[in-house]
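Novice: Residue 28 in the numbering used here sits at position 28 of the sequence shown, and the numbers go up by one each step.
The set of hints was computed from the structure by calculation and includes no laboratory data. Hints are supplied without guarantee of correctness; some may be wrong.
[As the list claims (entries may be wrong)] Using C-beta positions, here's what the derived DEER-type ranges look like: (1) ALA97 with ALA64: 16 to 24 Å; (2) ASN51 with PRO16: 17 to 25 Å; (3) GLY93 with SER40: 21 to 29 Å.
Heads up, the beta-carbon is just placed ideally off N, CA and C, and yes, glycines get one too.
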Amino acid sequence: MELIKQGDVFLVNFGPSMGAEVKKIRPAVVVSNDINNEYSPIVSIAPITSNVTRVYSFEVEIPAGTAGLTSRSKIMVNQTRAVDKLRLVQFIGSLPAASMTQVKAALKLHYDISG
Numbered sequence: 001m002e003l004i005k006q007g008d009v010f011l012v013n014f015g016p017s018m019g020a021e022v023k024k025i026r027p028a029v030v031v032s033n034d035i036n037n038e039y040s041p042i043v044s045i046a047p048i049t050s051n052v053t054r055v056y057s058f059e060v061e062i063p064a065g066t067a068g069l070t071s072r073s074k075i076m077v078n079q080t081r082a083v084d085k086l087r088l089v090q091f092i093g094s095l096p097a098a099s100m101t102q103v104k105a106a107l108k109l110h111y112d113i114s115g
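The task is simple: from the sequences and hints, build the whole structure.
Specialist: Right, dumping it as structure tokens:
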């Protein structure tokens, strides 16, 4: 697999899942840092959904056409998780720097990290 970078968007196999966890194969953005992504078999990701009825402060809205996404979507920072790279099915694009800045701010908010 090519070098995975923070901000890359992949289709990810989330199955099997339980309860309210994200299900099926869906896009997700890599949020772990590039050193981790190069050396670890595990990456941290935030799932993406096209259900944008409500967008909360810990979510990031993404316009259609961004990072290979065909629909207006949102990044669900509250559902971040660590997954084996084997769950990454297909690379579809990369988020622009401005969107990653929003993702990092949402991560700080969700995990109550100051600084």
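Novice: All hints, please: hold or fail.
Specialist: Results of checking the hints against the structure:
1. ALA97 with ALA64: 16 to 24 Å: holds (19 Å)
2. ASN51 with PRO16: 17 to 25 Å: holds (21 Å)
3. GLY93 with SER40: 21 to 29 Å: Holds, at about 22 Å.
Of the numbered hints stated above, none is contradicted by the structure.
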